[in-house]
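Work out the full structure: start from the sequences and follow the hints.
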Amino acid sequence: MADPGTPAGGGELRDAATLALLRTSGSELQVLLLGRPASASFAPRTQVFPGGSVDMSDRDPRWRLLLDRQAERDWDVRAGLAVRVAAIRETYEECGILLAGDSQGQLCNAQQLAELEPTRSRLRHGEPALLLSALASFQLRPAVDEIAFCAHWVTPEGLPRRFDTRFFVAASPAGQEPSGDALGEHVSLRWVAPAQALAEGLRGDCQLLPPTRAVLAWLARSTCVEDVLERARRDLVDTMRPRLEDVTSARYPGLDLSTLHGD
Numbered sequence: 000m001a002d003p004g005t006p007a008g009g010g011e012l013r014d015a016a017t018l019a020l021l022r023t024s025g026s027e028l029q030v031l032l033l034g035r036p037a038s039a040s041f042a043p044r045t046q047v048f049p050g051g052s053v054d055m056s057d058r059d060p061r062w063r064l065l066l067d068r069q070a071e072r073d074w075d076v077r078a079g080l081a082v083r084v085a086a087i088r089e090t091y092e093e094c095g096i097l098l099a100g101d102s103q104g105q106l107c108n109a110q111q112l113a114e115l116e117p118t119r120s121r122l123r124h125g126e127p128a129l130l131l132s133a134l135a136s137f138q139l140r141p142a143v144d145e146i147a148f149c150a151h152w153v154t155p156e157g158l159p160r161r162f163d164t165r166f167f168v169a170a171s172p173a174g175q176e177p178s179g180d181a182l183g184e185h186v187s188l189r190w191v192a193p194a195q196a197l198a199e200g201l202r203g204d205c206q207l208l209p210p211t212r213a214v215l216a217w218l219a220r221s222t223c224v225e226d227v228l229e230r231a232r233r234d235l236v237d238t239m240r241p242r243l244e245d246v247t248s249a250r251y252p253g254l255d256l257s258t259l260h261g262d
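Following numbering that gives the first Met the number 0, the residues of the sequence shown are numbered contiguously, the last one being 262.
Read the hints as simulated data drawn from the structure, not as lab findings.
All figures in this text were calculated on a predicted structure; none of them were measured in a lab.
Backbone N, C-alpha and C define an ideal beta-carbon position, used for all residues, glycine too.
A portion of the hints provided could be inaccurate.
[What the hints assert, rightly or not] Ranges of calculated distance between the beta carbons of each label pair, as one might list FRET restraints:
1) 24 / 137: 41 to 49 Å
2) 201 / 102: 40 to 48 Å
3) 124 / 173: 43 to 51 Å
4) 216 / 187: 16 to 24 Å
Right, dumping it as structure tokens:
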């Protein structure tokens, strides 16, 4: 018998991936946050990391032909190739930063990014499968080993939109700058210290979903990108499965629960 205090049912659980891009500015660790518009169907007016649902194209077996299979032996089984590809693809779609490189590990340069811009436009217009062929044509591969698994959150039962989300961290590639989303999926982007973003959330100056808040708190324990990546690759990741009654504005100040429901 179900716990009468726990809402039954809810939406189908969908795999998702999120990537927190990091840089060190002076002596300060900063993370890239995107602002979602008021019109967003999910989590409007919130500050988020780039990310989204895992697409069928992210599971295409041809991705493995581009990669060194040895690296996969060290991955957490919850954060395998498809979710890593999704994290890289969504980040590229949403903010124009592409974690991809050649067979020697050299990340893509400004000229390659410029030539790939039409691909990014088509990705944003609903052609996610295009990324695989585009990277292959430039002899590039997704830099899946440059991103480190750091958190795993499952949306509470009882909500109509539920995600099984893996969070990753990565150093933002040198020479690449984030650019906005012309389709309006996000209305702002900024580099901010994790502690500052947390303080803004507590004051109600911005809205942060519970997983975002938790990852920011974890990031705030470090002062440089290298330390974050070392911790992510060393520490075990617990799967967080909060109950709906735990996700309230009382426990998470500044969070409007209705933002989790969408349209």
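What hint numbers does the structure not satisfy? 1, 3
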